[in-house]
Amino acid sequence: MARTLRFEALYPYAPEQVWVALTDPEAIGEWLMPNNFEPRVGHCFTFRTKPAPGFDGIVQCEVLELDPPERLAYSWKGGGIDTIVRYVLAAEGGNTRLVMEQSGFTGLKGFMVSKILGGGWKRMIAERLPAAAARVEGGRYRSAHDDPLSHCHD
Amino acid sequence: MLMDMDERAENEVFRALADPTRRALLSMLDEEAQSVSALTGRFEMSQPAISQHLKVLREAGLVSERKAGRNRIYALDPEPLRHAAEWLERHCDFWATRLDNLGRHLREKHGKDA
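Same order as they appear, the protein sequences are chains W and F.
Residue numbering for the first sequence follows our numbering, starting at 4 and increasing by one per position.
Residue numbering for the second sequence follows our numbering, starting at 5 and increasing by one per position.
Derived from the structure by calculation, the hints contain no laboratory data.
Any given hint might turn out to be false.
Said to hold, decoys possible - If you want the ones that stay clear, here's a sample from chain W, every Cβ over 10 Å from chain F, calculated: (1) 16; (2) 21; (3) 33; (4) 38; (5) 42; (6) 63; (7) 65; (8) 69; (9) 76; (10) 91; (11) 107; (12) 111; (13) 112.
Unchecked claim - Pairwise CB distance ranges (calculated): (14) F:56 - W:37: 26 to 32 Å; (15) F:73 - W:49: 55 to 61 Å; (16) W:78 - F:70: 44 to 50 Å; (17) F:39 - W:44: 36 to 42 Å; (18) F:101 - W:67: 21 to 27 Å; (19) F:108 - W:43: 23 to 29 Å; (20) W:78 - F:79: 37 to 43 Å; (21) W:70 - F:56: 47 to 53 Å; (22) F:86 - W:29: 35 to 41 Å; (23) F:50 - W:70: 27 to 33 Å; (24) F:12 - W:32: 46 to 52 Å.
A virtual CB, placed ideally from N, CA and C, is assigned to each residue, including glycine.
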């Protein structure tokens with residue numbers, strides 16, 4: 004049973020440029036969250052954001068994989084989930100295709116990830132959850148911006 | 005972004021969903037509310053066995069029950085699923101927004117053309 008969220012985006016920049024944005028703590032802080040990331044396998048770091056109910060605002064991470072400018076993975080624990088986030092970069096013409104996957108969802112969340120995004124219970128969820136269903140139906144997510152186009156599916 | 009539903013309630017829902025017969029029951033109740041005898045007719049299983057599965061679903065809050073004459077009619081209550089689906093939607097939104105931010109960050113740093 005697939006329990007992976009997958010997002011894809013195409014950026015009009017070289018993989019080396021996207022790689023810097025993924026591995027420079029200041030850059031990461033701009034697009035993701037404030038952090039103390041270091042590009043070193045085994046380095047433990049945190050993301051810190053505003054707390055919300057059930058989430059203290061801290062994500063605990065460890066760098067698991069680092070292969071510039073192609074692959075980066077770190078663990079992602081916080082807010083009741085214990086997952087792995089993985090980025091894979093591929094040159095496509097002068098562009099970079101970024102595939103980001105978050106895997107390892109367990110319990111009810113894992114079930115929802117696989118069933119809803121897998122389309123298994125589309126009708127049950129779709130008719131009662133118009134907003135969410137509009138986003139996940141067909142397993143696609145279209146971002147509000149023209150680029151990049153992101154997908155959210157399993 | 006990552007708000008959680010009560011963990012115990014969540015585990016109960018997950019346990020209820022883990023069984024294929026109970027998932028089939030939910031799909032049938034999603035079509036229409038039904039009595040236990042109507043449901044039993046669609047399985048090769050005894051009525052007490054189906055009743056036991058319905059009890060688990062009821063305790064997880066996924067199914068509600070009402071009396072109609074001598075029958076009990078069971079209906080799907082999607083609330084716990086809605087909760088988890090909303091969590092999932094927020095979570096997907098979180099990453100989609102962040103990847104948009106990444107595109108904006110690259111544009112600001114390197115200009116429109118790579």
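- Query: Hint numbers the structure violates, sorted upward?
  - Reply: Going through the list in order, the structure violates hints 1, 2, 3, 12, 13, 14, 17, 23 and 24 and respects the others.
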